[in-house]
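Peer 1: Based on these hints, arrange chain B on the given structure of chain A.
Note that the protein sequences, when read in sequence, are chains A and B.
Here our numbering is used: the first sequence runs in plain steps of one and ends on residue 503.
Here our numbering is used: the second sequence runs in plain steps of one and ends on residue 130.
If you are wondering where the hints come from, they were derived from the structure by calculation, not from laboratory data.
Below are the SDA-like pairs computed for lysine to any residue, each with C-alpha atoms no more than 25 Å apart in a straight line:
no. : chain 1 : residue 1 : chain 2 : residue 2
1   : A       : K97       : A       : F236
2   : B       : K129      : A       : V128
3   : B       : K129      : A       : A429
4   : B       : K129      : A       : L328
5   : B       : K129      : A       : T331
6   : B       : K129      : A       : L436
From the structure, some residues in chain B lie toward chain A, with a derived Cβ separation under 10 Å:
no. : residue
7   : R69
8   : M72
9   : T73
10  : A102
11  : T108
12  : G127
Beta carbons are placed, not taken as given, at the ideal position from N, Cα and C, and that holds for glycine.
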Amino acid sequence: MIAEETQTRFDLLRVPFLGRFLRWRHARTTMQIVLLVLAALIMLDGFVGIQIAPRNLAGVLPWVQWRGLIVLALLIGGNFFCMACPFMLPRRLAKKWFPANRSWPRRLRNKWLALALLVLFFWAYEVFDLWASPLLTAWVIVAYFVAAFVIDAFFRGAAFCKYVCPIGQFNFVNSLVSPLHVSVRDTSICASCPTKDCIKGRTITPAPPTTHSAAPLGIAAIGVDQIGVGRPAQFQSGCELWLFQPQKVGNTDCTFCLDCVQACPYENVGILARSRTDELANDDRRSGVGRWSTRPDLAALAVVLVFAAFTNAFGMVGPFYVVQDQLLMTFGSWSVPVIFALMLAVLPLILVGATAWASCSLSGSPGSVVQTATTWSYGLVPLSFGMWLAHYLFHFLTGALTFVPVLQEFVGRWVGPLLGTPRWDLAAVVPQSWLLPIEILALDGGLLGSLLVLWRIARREHDAHPQARRAFAPWGVLVVLLFASGVWLLLQPMDMRGTLAG
Amino acid sequence: VVRRLLILVLCTLLVGCAQTPQTDATITLNVAQSTVGETQVDVHLADAGGQPLSGAVVQLRGDMTHAGMQPVLATMDDLGNGQYRTDDWEFTMAGDWILTVQAEMPDGTRVEQMFDVRGVKE
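The following block holds chain A by itself, in its conformation from the complex (with noise of 0.2 Å):
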């Protein structure tokens, strides 16, 4: 029997055709495989191309498109990146070739690691440009490629993903707001599911299809064993990322690899539809996360999303060279990359220490400032969102097309004329008057999500209306001032600057 809930719920995986797609055993390493072919073609012509970012793959394609996909793929689905990531076949590779059997430093089970690395990954975008370097962007890959191969080589699991990617960390934080998830569809199975396969994996025989032998009473297990007929015995993982799916809550951590999905033996996992502001209202104890208001790190990971969102905009606007030229002037070329660390690292933790306190304060509540910080700050991804939507659709909505002559050219320097002459006018998908508007609608829906998820914590800290009240107004101001200068960044004239050809 299969509860009423998963009857009526939208699950991408009982959609026909795409549905059928995403539980194909290969289909993972399919997509996989073509990112991987991207990426080296991005890396030949970012180490051998054209040093023009507009006329090289290396500045096209992870700039342009991939950026764009990402947010959009986010905003209508879910991690559909991190599922696709090119970095993970040569990781696997690792796992066949090393013994891969280390555990992770138990004080490196955090997210301070992957936080230092997005910050470091944000500054060197900005101070050095990456965006206007193929160069620099194929050895940004090149490093990726080399990290996850040797840290997966020595530690179990899928460390690399949970502990130390900042592209995942993006991913993770920013799918909080997804309307899918990668969840249970009847919890009344798992109840009384004796192998847990989901998190312990499990070997596929070849046996023919019969029922499975563990089934729980009263629940026939559906196709199990079927994917191995024919075939030697496979070893399936399950979660790598120690997320266990009876008691997995939302996106947190997920990299939507499905191993889940394969390895349950009662076709109990499904990408299902859910709200998208229960999960960061919610602070229940979460499989391989435990409860989100202790754990700073990730708060910490959150916050400094948001800002990075608007310094990374405020980097492409005519008023930042202004306030640039200054400080160039003033203080010399030192100042620039030091504005940039105060900006990620250092704005943040007075902006939300300061909310936290006052929030503290209005509301009498006894937590610390830290632990005020910690419960609150997951209220700002949604603007964090819509802010990064409002940038990178830009970006994308305006030069969708760009990567068509670029592509001719590149096999044109390669191979020939094959694909004919570039056709450089191809660039834009829809009118220039339509930008201004789509950016502020996505900003809009961010204030409204955060207001939204602010106030649900408010009410779910604290019983009393006027106490609950009073502890979210220091982070509604927050959120409508954020807001506020997101709204002026995008009225600003664009002006974008970065490294020149020699």
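Peer 2: Same frame as chain A, but now just chain B:
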């Protein structure tokens, strides 16, 4: 284990070798105004001995340093004596631009040179 890692590192380092194309002609470029909107751009072509090169087909291309923007393309008028001009060149956005001059000589040889135009103002 160490040998396998070393081989991998060497493979990635070898990928990083790049070549830069060489040109014989001297190309000088002059932009009348570095502001958003239309402006005049002049190019002067000369051979290695400093003699002006006329009769070439000269294309001018403008790219922003950030990918995702449509490039600006123009064919320049040959004014003679190695001088080439376009009157309706347009910087479409503020920021840093890279102008690429491509010239095809009457004998079919081609030269190309890039120029930085920093800080085009609104």
